[in-house]
Amino acid sequence: MIEPLLIVSITGILLLLVDLLLPHGKKHLSAYFALAGVLYAMARTAAQWGMSQTGYSGMAVLDNLSTLFNLLFLGSTGLVILLSMPFLRKDNVEHSEYYALLLFATVGMMVLASSLDLITLFLGIEVLSISLYILAGYRRDSDASNEAAMKYFLLGAFASSILLYGIALVYGATGTTNLAKIAESVSGAAGPIPEGLLFSGVALILVGLAFKVAAAPFHMWTPDVYEGAPTPITAFLSAGPKAAAFAAILRVFFVGFGPIQSEWDSILSVIAALTMTIGNIAAIAQTNVKRMLAYSSIAHSGYVLIGIVAGGATGGAAAVFYLIAYVAMNLGAFAVIVLLEHKGQRGEELRDYNGLGFRYPVIGALLSLFMISLSGIPPTVGFTGKLYLFGAAVQSGHVLLAVIGVLNSAISIFYYLRLMVLMYMREAQEALPAIRVPVTLALVLLVTAAATLWPGLFPGTWLDAAREGVKALFS
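For the sequence shown, position 66 (counting from the first letter as 1) is numbered 66 according to our numbering, and the numbering increases by one without interruption.
Since the hints were made in silico from the structure, they are not lab data.
A couple of the hints might just be wrong.
[Unchecked claim] With a straight-line Cα cutoff of 25 Å, these simulated DSS-like cross-link-like pairs (lysine-lysine) come out:
no., residue 1, residue 2
1, K27, K90
2, K181, K90
3, K181, K471
Work out the full structure: start from the sequences and follow the hints.
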């Protein structure tokens, strides 16, 4: 049940020991060791598809949903390791603890996906968060990186304390932290419970988890942290950890608080609408690409929340499918930024993309593909994912929320396609140097481009996997 998690944990611990043995010029070998551990863990995770069992007195579960999310986490971690190799080598900051922290963060994500208890869930969040705080400030010589880490730590610790207080209130109301038993209590099957205490706890848990997914109005940390953190870590933050927090929301609100969905779905609808609107409107005003993608990430959290508000197997499957799509297309976009930074072309400001499509046609085409997908234009996976989300919302009676989602998608087209306008309709302000793409970055671009285009054209297998995973929430 926990074999993949143990593989990742042991690999992370061994990396810290390997770092002591590797000479200074050979530190990059630790990346291959970390990647081997991730690939082996992925193979063992894939072998668990179809299995279903609980462990640790019902505190953790192995089912198709946890398996699907674990594959997503491990895949995104592997891609970020590949992204990081040329980035760290260029800045001469290659150390094994960087990759060890990535793996420890992945352990936290895997615990989150398997949690059937609020205590296990909180432990997973803390393992994940502590690793991310350190990674955000990995560039100790960078004031922006230090500022990002400090802001993330202070606000993240505050959000964790709110989440913990909410867990305490729910425990006080129901007498348990097990999600299945909480569902039994809130449904009234176990007798009357103090509703004021329960709903206060639910609200605080919602606030704590909303911070983790950067949902409005708990999103203010995101632009500064995304801009200041090293770019591979920004890519990581926007992918695996966001998906892990949504995995926690699915477990808590579909399983634990499922019987009282009518009490929280209206609040979540407002949060979803605010998150989409604030994220997209704020992104229009940005001139820094990482800040633009930060606000874009906020907006995409709102889209995923539409699936959760829609509820049921259809809404849950749409949310999971869109998370997979978002991880692929967003990592691809950040891979282009890392590539430009690697070759001295700064890549963070919009003006850095002037004339890029003519000087580097393949890179320009790939970035265009990712921007088109993020904006939800066919035939990409972004369009297919939004189609399923909005369809689930309409099917569940949340027509207004679906309309707001469509309008926000139209707004987002402006700032996504603005990059394409700069690449193909503006001249570069200075001569652009020739680029030789590192093999690891080329591999990331190839994988993310395929994952952006293929499921958009043939979504059946991916959607079936999402449906099979979400079934576990209702069994």
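Non-conforming hints, listed in increasing numerical order = Number 2 - this is the single hint that the structure violates.
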